Amino acid sequence: MMFMRKSLAVFLTAFAVAAPAQSEPITIFAASSMKTALDQVVAESGLDAIAAYGGSATIARQLAQGAEADIVILAHNDWMDWLEGQGALQSGSRCDLLGNELVLAGPANSIDLDLNTADDLLDALDGGRLAVGQLLSVPAGQYTAAFLEQRGWLTQLRPHLAETSNVRLALALVARGQAPLGFVYASDVAAQPDVRALFKPDPALYPSIRYPLALSADAQPGAAEMLQILTSAGPVFAQNGFHPLPSDDPTACSTS
Amino acid sequence: MTGAELAIVALSLKVAICAALFSLPFAILTAWALARGAFPGKSILNILVHLPLVLPPVVTGYGLLILFGKQGVLGGPLEAWFGISFAFRWTGAALAAGVMGFPLMVRAIRLGFESVDQGLEQAAATLGASKRAVFGRVTLPLITPAILTGVVLGFAKAIGEFGATITFVASIPGQTETLPSAIYTLLQVPGGETAALRLILLSVAISIAALVLSEMLARRAAKRVAGI
Amino acid sequence: MSLRLDFKLNLDGFVLDAQMNAGAGTTVLFGHSGSGKTSLINAVAGISTPQSGRIVLGDRVLFDAARKINVPMHQRRIGYVFQDARLFPHLSVSQNLDFAGRYAKEPSKPYEREHLIEILGIGPLLARRPAALSGGEKQRVALGRALLSKPELLLLDEPLAALDQARKQEILPYFEKLRAQNGLAMIYVTHDMSEIVRLADHLVVLRDGQCVAQGLAEDVLANPANIKLIGVQDAGALVRGVIHEHCDDGLSTIRLSSAMLTVPRVHGPVGQHVRMRLRAQDVILSLTAPQGLSSQNAIEAQITKILKGRGPGVAVGLRAGSDRLIARITARALDQMQLKEGQKIWAIVKANAVPPAAIAGG
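Protein chains in written order, with our numbering: chain E, 1 to 256; chain F, 1 to 228; chain H, 1 to 362.
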């Protein structure tokens, strides 16, 4: 009897000890605009990982409230700053993974636009609305607002905007012809065959688009491997319209 | 309350009231068809009616985009023939809110129809009232409490509607930026909670007022229907 | 306004096979519960549709299966007083009456409406809602409402069934008044024989979905063959008489065509015509003029018909002057007394066998 009890105890302890060794999949919370590209990277990685997408604000809040994500990639540094302030990130793990470009998208069969004044843009809209992410809160919208303000076009354009809750919705509006034009990312245009970039705002006129990446404070050890894969997945991201950052960029994630 | 906040509340009320009132006749007809009708495709109608209840709101919004958008199956002709357009206008917000609240309205009114004493309808017919007269003078008055409940449910859902609205007609101040939209926008900005709080409290206050009003009205109507 | 019908109606397995020819006046549709009475009038009203047959009211075809005619309920101009009144709960009594007026073919003139309200005694109730009315009051309002729709035929489905005796006695006079005044054709459904004596011109007996006997009430009830259809408890002939005298000892005398009948005190002035039902099982036969009996009523009669049934009972038809009676005796008595058709006989009826309720103003 005593022997039986002892072996049972040993068996159960071994079981309990063995359990943590079996890890959960690596969870990545990422900005919606990364969906097509990131899904590809994760699939090709061969690792046990899943990616969940949302607006940067929603992701940041969920992470701060204790959501179990290992890696977070946002579309704007504001929310990453906030997360750092909340202590939700592993210190020293933050870096910029990717860049992107803002483009003015329209139907795939349209010709390029030459825009020099706000009126040019209004003419191009022809009474319709300009689809953008919400100027105050959606990163794509923030970048667009910065560009429009720099050019002095914002006041004139404001009454003609259609502000959406994320950049993919703005893309959908243009793709469905609901809005004739929309400011989206170059990566979005690459993902949506029904639209093409008709005009490229001068990158000097808006803050450089960065996709900051970080490990969450309670990330699993296996996340580091995923991070490496993400950092060296430049070609895949480039295929999808993103701008991998040059290796000499100070804030870029390094492959080492 | 600032002028801007007042405008948002006014727009929300306008959108929700129009959504509830305009979908009411359709809800009554649909509820009647489901309660009393016997026709092929009745179960399909039932499923269609409940779709907005079970689908993710964004999917419903996208469906609205496909149907009623500028190039939509129904949206195109509606604009061409009747000049009715939903794109980025409060009418679109009202349509989205109405569609989302529709299943709740239909359910409430259908229960009303099912509880009507059909013996009273027979009595009205023997007195010479045509089917239409019976419906208008006997059936409808008797289901007034159910209709009131349905309208308030529709209104409450409409005033809280967000996902379908923002997908269908984005968030345009003065046109489609309803209370939930505005609250969402404020919460999207780091530290925007305090600004959102006032609007959140307003939302809650409106919903409570609607519920209290509906209770009063429904109770009074029920008394009248029971003949007390 | 005559109603002719001949149809078959199948309701969840119960088959109603009705043939009826009802003339003007009040036709009582008598039968036990489950015999199909309500189904019959529901078909007449248009609430249910027979599988085959015809229903004709006056010169209007309401239903003809072969010619695919089926006049909708609201166009049949048939009023219906339901067993449960069915007043509209959300309307006041006055509004309920107005409802009828609104959809009537020719709406009643104001004085007609006033008159009806007065006869039915519902004046004080006009502002009330149905929920505040008693069962009897509801039925009176329902009657008024049905009449205000100016129907060509009035159907009444056991309108007194839900009321207690006192209420019944209170309301029956209204129906009698209706019968007397309007000349409106009525079909009155009941399983209560006592209502028949007061209301019926014609009588239709319904049994298991079949119309087994019909005709003038007096004829149907005087036919010994119908005892088994009507039931031994209820069977009894209708006789007419005139109130002859009210006595001091609480009795009254009624003059029949060939005899005097003593009954408990009846209401009504001397000289008033009355009609009453003498239950078959309350009639005793005697070969000789009775002597030393407590009964005051011995009527000289002649046996017109003897019907032996399968059971112990025998139905005997009698004629006394111009009145017809029926009696139910045992087969044994029949043999012992060796009764024959055509034989002279004495019929004895207890005074108490004819309670005031069984007597109606003729």
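By construction, these hints were calculated from the structure, which means they are not laboratory data.
Treat the hints with care, as some may be off.
To be verified - Pairs of lysine-lysine residues, derived as DSBU-like cross-links and limited to a Cα-Cα distance of at most 30 Å, are as follows: (1) H:Lys305 - F:Lys131; (2) H:Lys109 - H:Lys68; (3) E:Lys35 - F:Lys42; (4) H:Lys177 - F:Lys42; (5) H:Lys344 - F:Lys131; (6) F:Lys131 - H:Lys109; (7) F:Lys131 - H:Lys105; (8) H:Lys340 - H:Lys305; (9) F:Lys131 - H:Lys168; (10) H:Lys177 - H:Lys105; (11) F:Lys70 - E:Lys200.
Given the structure is predicted, the values throughout are model-derived calculations rather than measurements.
Now the hints, each set against the structure:
Distance restraint check for H:Lys305 and F:Lys131: the Cα-Cα separation of roughly 54 Å exceeds the 30 Å cut-off, and the hinted pair is therefore not satisfied. In summary, the hint linking H:Lys109 to H:Lys68 is not supported, as the alpha carbons are separated by about 37 Å, beyond the 30 Å threshold. Among the hinted pairs, E:Lys35 with F:Lys42 is inconsistent with the structure: their alpha-carbon atoms are about 40 Å apart, more than 30 Å. For the given pair, H:Lys177 sits about 51 Å from F:Lys42 by alpha-carbon distance, which is inconsistent with the 30 Å threshold.
Between the alpha carbons of H:Lys344 and F:Lys131 the distance comes to roughly 63 Å, so the proposed pair goes past 30 Å and is violated. At roughly 26 Å between alpha-carbon atoms, F:Lys131 and H:Lys109 fall within 30 Å of each other, so this suggested pair holds. Of the supplied pair hints, the one linking F:Lys131 and H:Lys105 holds, its CA atoms being roughly 16 Å apart against a limit of 30 Å. The suggested pairing of H:Lys340 with H:Lys305 holds, with an alpha-carbon distance near 8 Å, which does not exceed 30 Å.
Restraint check for F:Lys131 and H:Lys168: not satisfied, since their Cα atoms lie roughly 34 Å apart, outside the 30 Å limit. Taking the CA atoms of H:Lys177 and H:Lys105, the gap is near 24 Å; set against the 30 Å cutoff, the hint holds. Restraint check for F:Lys70 and E:Lys200: satisfied, since their Cα atoms lie roughly 26 Å apart, inside the 30 Å limit.
Violation of the numbered hints given earlier is confined to hints 1, 2, 3, 4, 5, 9; the remaining hints are satisfied by the structure.
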